[in-house]
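Student: Build the full structure now, drawing on both the sequences and the hints.
Heads up: the sequence lines are chains H and R, in that order. For the first sequence, my numbering begins at 80 and goes up steadily by one. For the second sequence, my numbering begins at 3 and goes up steadily by one.
Because the hints were derived from the structure by calculation, they are not lab data.
Computed far set for chain R versus chain H, every beta-carbon distance over 10 angstroms:
{"#": "1", "residue": "Pro-18"}
{"#": "2", "residue": "Val-31"}
{"#": "3", "residue": "Asp-38"}
{"#": "4", "residue": "Arg-47"}
{"#": "5", "residue": "Ala-84"}
{"#": "6", "residue": "Asp-86"}
{"#": "7", "residue": "Thr-87"}
{"#": "8", "residue": "Glu-89"}
{"#": "9", "residue": "Phe-109"}
{"#": "10", "residue": "Leu-124"}
{"#": "11", "residue": "Phe-131"}
{"#": "12", "residue": "Trp-135"}
{"#": "13", "residue": "Ala-157"}
{"#": "14", "residue": "Ala-164"}
{"#": "15", "residue": "Asp-167"}
Computed beta-carbon distance windows for the label pairs:
{"#": "16", "chain 1": "H", "residue 1": "Gly-98", "chain 2": "R", "residue 2": "Trp-135", "range": "27 to 33 angstroms"}
{"#": "17", "chain 1": "R", "residue 1": "Gln-61", "chain 2": "H", "residue 2": "Leu-190", "range": "32 to 38 angstroms"}
{"#": "18", "chain 1": "R", "residue 1": "Asp-88", "chain 2": "H", "residue 2": "Arg-230", "range": "24 to 30 angstroms"}
Since this is a predicted model, take the numbers as computed values, not measurements. Every residue gets a Cβ at the ideal spot worked out from N, C-alpha and C, and that includes glycine.
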Amino acid sequence: MTRRRFLSLVPALVFGAIGVGLVAAPREEAPPTPDALLDRPLPEFSLPGLGADSPGLSSARLKGRVALLHVFASWCGTCRAEHPFLVRLAAETDTPIIGINWKDRAGAALLYLDRGGNPYDATGADPNGTLGARLGVTGVPETYVIDRDGRIRYRHIGPLDDRLWESVLAPLLNKLETGA
Amino acid sequence: MNIRTTLFRPLLWIVPLVWVLTVWPAAAVEPDEVLDDPVLEARARAISAELRCVVCRNQSIDDSNAPLARDLRILLRERLQAGDTDEEAIAYLVDRYGEYILLKPPFKTATLALWIGPALMLIGAIAGFAMLWRRRAAGPATPPAQTDPQGASPALTDADRALLDRILRQEEAK
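Tutor: Laid out in structure tokens, this is it:
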């Protein structure tokens, strides 16, 4: 092969290499990074409850026990699809599930829980997404595992299902609950 | 050319020019978000121009009117009011939304190719053109038939010529 021939192949080689690199490179997780606040304390918050007679929800109330923090909204189709799983989970597990109602109207959320069943041990209303913004929430549903010290130990963006529960969440909760 | 077109012709470029010079891209900041302290507000505006609205791919939170961009603008202003420095406020948001929120990626090993890649490509391209120009300056390339190492084989074989003749005759017959 002459030198000239070789040189004419250089652009093809360079762009070929770039192409291979782009295909082979590990894909970055969908933004935002799900481990953003991992092992950090849950931000302090105090939210009103859903409805006039509900007690409201503050970060202080969560301290001292392992809990699942679930961010949801009645307008969210994925939450709706995920809901039966949560209701079943609430019946089967002792871990409290705390609901954060994100960018929603209390009336719509109450109706949603009334019709679909209420899997939550406590709910807080975050109508303007203030707590959501401090957690880095960009959409619903999202689930956080909170340990006894109020630290975030796991974050899942998207709906929960049996596979994630069995492979990740159940072992982690078990570890956090039995560990000191 | 009639009088109408003569009159209106300048408008063809004056109108777009005036429009382009007077219309400024509007920021998405709503009046109720603006801080009372103009210095703090100016800092907030400067920082938010550098932060990506994480649900709209490539717009800053200063430009975007997505609800989430608004939440982030308010959160940023809260941090500044709480006494955060610019760096602290940015770090607070990066902690929550990841480095993806920075429109300008930080300079580190993982982003090295991103930062110096274009410069390397430019240098490569300039080097390529320089080589090409030098070869041009050295004189026109000799026709390929004469550079053939055997030196004897003609550019066209007899079979080629026969084919060519046939095609040309067909063309003439048309």
